[in-house]
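Peer 1: Each chain is listed here by its residues.
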Amino acid sequence: MVLEKEIPVFVDWIGGASLDWVIAVAIFAVVAMAVSLLFAIVTRGPIRGVAGVGKAFLATFADVFTMSPRRIAALVWLAVKEAIRKKVVVGVAVFVVVLMLAGWFLDPSSTNPGRLYLSFVMTATSYLVLLLALFLSVFSLPGDMKSKTLHTVVTKPVRHSEIVLGRIIGFTLVCTVLLAIMGVLSYFFVVRGLYHEHTLTAADLAPAGGEASAGEAEVPLVGMTSKEHGHRHEVYVDPSGATRTRYENGHTHAVTIEGSGDQVRYRVGKPEGVLVARVPIHGKLRFRDIKGIDKEQGINVGDEWFYRSYIQGGTDAAAIWTFTDLKESDFPGDRIPLEMTLGVFRTHKGEITREVMGGLALRNPDTGLTVEIEIFESKEFITQKLWIPKQIVKYSNRQMIVQKYETPGGVKTKPTEADLDDSLAKKTEFDLFKDLVTPDGRVEVWLQCLEPGQHFGAAQPDLYLRAGDASVVWNFVKGYYGIWLQVVIVTSFGVMFSTFLSGAVAMVATIGILIAGFFTDHLMELGVGPKYGGGPLESFRRLIGQDNVMTDLPAGLGTDLVKMGDQLLQPTLRIMSAILPPFDEFGCANFVANGFNIPADFVLTRTFTALAFFIPLFVIGYLFLRNREVAR
Amino acid sequence: MQSEVIIETRSLTKVYRDFWGRQKVQALKALDLEIRRGEIFGLLGPNGSGKTTTMKLLLGLLFPTSGKALLFGRDATDVSKNERIGYLPEESYLYRFLNAEETLDFYGRLFNMSPKVRRQRVAHLINLVGLDLAKRRQLKEYSKGMTRRIGLAQALINDPELILLDEPTSGLDPIGTRNMKDLILDLRDQGKTIVMCSHLLADVQDVCDRIGILYQGELQELGRVDSLLEIQDVTEFRASGLSKEAEAEIRQVVEKHQGKLLGIGHPTSTLEELFLNIIAESEAHPGRRVRSGEGAGDGS
Ligand SMILES: Nc1ncnc2c1ncn2[C@@H]1O[C@H](COP(=O)(O)OP(=O)(O)OP(=O)(O)O)[C@@H](O)[C@H]1O
Ligand SMILES: [Mg+2]
Chain A
1 MVLEKEIPVF
11 VDWIGGASLD
21 WVIAVAIFAV
31 VAMAVSLLFA
41 IVTRGPIRGV
51 AGVGKAFLAT
61 FADVFTMSPR
71 RIAALVWLAV
81 KEAIRKKVVV
91 GVAVFVVVLM
101 LAGWFLDPSS
111 TNPGRLYLSF
121 VMTATSYLVL
131 LLALFLSVFS
141 LPGDMKSKTL
151 HTVVTKPVRH
161 SEIVLGRIIG
171 FTLVCTVLLA
181 IMGVLSYFFV
191 VRGLYHEHTL
201 TAADLAPAGG
211 EASAGEAEVP
221 LVGMTSKEHG
231 HRHEVYVDPS
241 GATRTRYENG
251 HTHAVTIEGS
261 GDQVRYRVGK
271 PEGVLVARVP
281 IHGKLRFRDI
291 KGIDKEQGIN
301 VGDEWFYRSY
311 IQGGTDAAAI
321 WTFTDLKESD
331 FPGDRIPLEM
341 TLGVFRTHKG
351 EITREVMGGL
361 ALRNPDTGLT
371 VEIEIFESKE
381 FITQKLWIPK
391 QIVKYSNRQM
401 IVQKYETPGG
411 VKTKPTEADL
421 DDSLAKKTEF
431 DLFKDLVTPD
441 GRVEVWLQCL
451 EPGQHFGAAQ
461 PDLYLRAGDA
471 SVVWNFVKGY
481 YGIWLQVVIV
491 TSFGVMFSTF
501 LSGAVAMVAT
511 IGILIAGFFT
521 DHLMELGVGP
531 KYGGGPLESF
541 RRLIGQDNVM
551 TDLPAGLGTD
561 LVKMGDQLLQ
571 PTLRIMSAIL
581 PPFDEFGCAN
591 FVANGFNIPA
601 DFVLTRTFTA
611 LAFFIPLFVI
621 GYLFLRNREV
631 AR
Chain B
1001 MQSEVIIETR
1011 SLTKVYRDFW
1021 GRQKVQALKA
1031 LDLEIRRGEI
1041 FGLLGPNGSG
1051 KTTTMKLLLG
1061 LLFPTSGKAL
1071 LFGRDATDVS
1081 KNERIGYLPE
1091 ESYLYRFLNA
1101 EETLDFYGRL
1111 FNMSPKVRRQ
1121 RVAHLINLVG
1131 LDLAKRRQLK
1141 EYSKGMTRRI
1151 GLAQALINDP
1161 ELILLDEPTS
1171 GLDPIGTRNM
1181 KDLILDLRDQ
1191 GKTIVMCSHL
1201 LADVQDVCDR
1211 IGILYQGELQ
1221 ELGRVDSLLE
1231 IQDVTEFRAS
1241 GLSKEAEAEI
1251 RQVVEKHQGK
1261 LLGIGHPTST
1271 LEELFLNIIA
1281 ESEAHPGRRV
1291 RSGEGAGDGS
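Chains A and B supply the protein sequences, listed in that same order.
When we follow the working numbering, the leftmost residue of the first sequence carries the number 1, and every step to the right adds one.
When we follow the working numbering, the leftmost residue of the second sequence carries the number 1001, and every step to the right adds one.
Simulated coverage check for chain A against chain B, where a stretch passes if three residues somewhere in it have a Cβ under 8 Å from a Cβ of chain B:
| id | region |
| --- | --- |
| 1 | 62-72 |
| 2 | 148-155 |
Examples of chain A residues lying across from chain B (beta carbon under 8 Å, computed):
| id | residue |
| --- | --- |
| 3 | Leu-78 |
| 4 | Arg-159 |
| 5 | Glu-629 |
Source of the hints: derived by calculation from the structure; they are not laboratory data.
For each residue, glycine too, the CB sits at the ideal point set by N, CA and C.
All chains should be built: construct the whole structure from the sequences, respecting the hints.
Peer 2: Dropping the structure here:
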C-alpha cells in the first residue's frame, strides 16, 4: 500500500497541532474583531461603534454558552424531518442500484478482488453520502429564509447558535443513518461478491512425485481444485490426512476429508483471508549508496513520482529499515512474517524469463553482525511474504558490516572498526532475538539487489513485519468512520456558507472548498516553491517566455513585479493550504481496500482535525446568522 | 396610575437598500411610539405604508437604519425578550411538512418547555383555535383560514405578555373573525398587551384602544379610538318619552320640561371615514402631520 505521508503519532502530534490551531483561530478572531470594529466606527461613530461591538462580543459568549439541549434537540428533529421530507432515502435506493450494476462489472477473478470490491463500495458510499450532506446542508437555511419559516423560529427564544448547531447535528445524523445502512449493505455485497467454493474430487488428486508403486498408501497426493472466479488452488494431501491449500488471489480454503478409501469426499471450505486487516510494524527507512555510505535517499531512476527511491544492483547500495521496540513476546510462533512490495527498474533486459534477484539480510545495529537470510526473486508490485525464523540455521551469508555515515568531520563508522568482534560471525547458528536484535529491541533489515544493472525501488511502508491481524469488521467500521468525519466537515461548511449565501452559491462555495481540500498538498508545494525557477508567477513567466529555469530573468520592472507577486502569493498559498480541510488525508479506503488495519493514531488525529474544523465553522456560521437581517 | 411601558420606539427609521447599498425605499421615518401594558394598539395604513416593517423592527427581524426599538426595556435584537412575546406573521410561515400538533410541540420546545407542560398547552391551544379535527393533518393540506388559526395558536404557545399580530383577521370566516376579536379582548382582560395591524377598519374599531395611522412610513395620527372618532363641534342628544310635537321644541323641552335625558355627547364618525380623510389629507399635503385628535389619552 502506498502511504505518501507518515501517520503522526497522536500524542506527539496533538500538542503542536492544538497550538497551531489556537494561533490560527486567534489570528482569525483578531482580524474579524478589527474589521468589525473598523466597520462599526465608520458606520456608527467611534463611541457607539466600540460600544456596539463590545456588546455584540459579550452577547456572542452569552449565546454560545446559554444553549439549551432541548432547543437544540428540537432543531435537530426539525432538520431530520426536513431531510425525510426531501426523500433522502432515495439515496439508499440509488446506492442499491449502483451495487447491483457493480455486480456486473466488478470482476471477482482479478488478482486482488478484495481490493477491487472494497475500494469500489467505499468510494461509491463516500461520494453518495457526501453529496447528500452537501445538498441537505446547503439548501436548508436559505430555503427557510425564502419561505420565511425562519421568521417564526427566530422570534422564539432560540439562539442563533442553536439554529446553526441544530442543522449541523441534524444533517450529520441523517447522513450517519444512511452511512450505516450503506455500510451494512456494502459489507454483505463484498462478502457475497467474493464468496466462492471450489470442488475437489478424488480424481483431481494424484500421488506427488509422479508414479507411486502399487500398494504404497503412504504417499502424499497433489492436485488442483475446480476453477472458480478465474483461479484454481493446488491442494496437498498428506498421508496423515492433513491438507494444505495454496494461496491464490490472496486467499486460501480449508479442505476437509470425509470418509476413506473409495468413499472419500473432499470438502473445500469458504475462502479465507480474502478480507484482512493486517497490523504492520513499520521500520524507519534509510539508504546506502554504492560506496556503502548512508544516505537519506536512494537514486532516482527518472520517475516523476518521488515516492520510491532506487538502489543499484550488484553494489553496496541497500535499502535499510530499522525496526525498534521489538519484543519476542509480541511474536508468537517460531517465525516472524515479513511482507514487502517492491518496485523493479531494469536498465537491460537481463534474463527476461527470470525475475531480478534480491537479497534480504538482518543486521544487529550495535555489533554489526549481518546474516543474509533469504535470496528471492522479486515480483514487481506484488506483495511478497517471507519468514524470518527465530532460530536461523539456514542462511546464505554472514559477515560483519559497519554503518558508514557522513559528518562534517568526514565519514565515520558505527561501530568503529576497532569495536568489531569478528568472532560473532563465526557462529553457525543464530538466535534472532539474542544475536540480531539489540537488547532494546532494534534490528535492521537490509534489502539489496543482486544483479548488476538492475534496480530495486522502495519506500518506507513497502516492507513491514506483520505482527498480527485485527478484526476485519472493525476495520471496515473504522473506514466508514473516516467517511463520517468527512460528512461532518462538509455539513459544517455547507451550513456555515448557507448562513450568508443563497443555496446555489453556498453549494458552489462548499464544492470549491472540497476540491481545494483535496489539493492542499499541491497548494503547499506551490506556496513553498521549488528550488529553481521561482514561485508560481515566475515559473509561469518562464513558461511563456520559454526561459531556462536556471538562468536569471532579465532585470527590469516586469521581473520585479513577478517576483513581488510571488512574495505575496506564496505565503497566501501556504496559509490557504494550512487552513483548508485536508480531505485527501481522511480517506480510509486505501487502508481497508489494501487489507491494512487503520491505526489508532490515524483515527485520533483525523477525529481531532475534523473537530478543529467543526468548531470555528460553527462559530462563524453563528456570527453570520446573528448579524444578518433574517427578514430581508 | 400610568402602567408600565412595554414597547418604546425612538425615531425608529428603516431604509431598505439593495445589495450595493443604494437606497431603495424609506419604509419607516422616525417613528416615536409608546405602548403600555394592557393596551390593544392598532397600526393602520394603506398597503406598503410600513406596518409590517415596524413589526419586524420590533421583533429584531430587521435592524433599524437609525433610532431604537425597545421591548420590555431591552433592545429589539435581544433574544431573551422573545420569551415574553408571541408573533403572528402576515402569512403563517410554518413548516408545511409538520402537522398541527408537531408544529405546536416544536415551538413549545423552542421555549424550553417540559414535555408535560407542552402537552397541556398544545391540547389547550388546538382546542382554542378550533382545529381539533385537523390536528393530525400536515399543514400543507390546510386552508388559508386554518393556517391562520394554527399560526395564532403558535403565537400563544408561551402564554406571552406581548402579542404582535400582523393582520390577524385576514383569511378568517365571519365566525373566525368574531372569535379572533373576542380572543383579543379576552387576552387584554388577562392583562396582555396587543399590537395588531390591519386594513379591516371595522375590526380595529371594535377592539383597539388606541391606534396609529401610518402613511408612507410616517405616523399621521395617534390617539384613543373613542376620542379620535368624536366630532368635537357637534353635540348629540338622545332622549325618549317625548311626543312628536315636542321634537321641534327639543331644546326648550329639555331645559323646561325636565325630560328624561339619556345621553349627551358628540356623534362619532366611522373609523373608515377618519382613515380615508387622513389619507386624503396626507396626499394633499405631503409631509405635514395631521394629528387632529392628539392629546386625549395618548399617554405621552
Ligand atoms: N425586503 C424588502 N426590500 C425592499 N423593500 C421592502 C422590503 N420589504 C418591504 N419593503 C418596502 O417597504 C415599504 C413598507 O412595506 P411593509 O411591508 O412594511 O408595508 P405594510 O404596511 O405592511 O403593507 P401591507 O398592508 O401591504 O402589508 C413598501 O414600500 C415595501 O415595498
Ligand atoms: Mg404588511
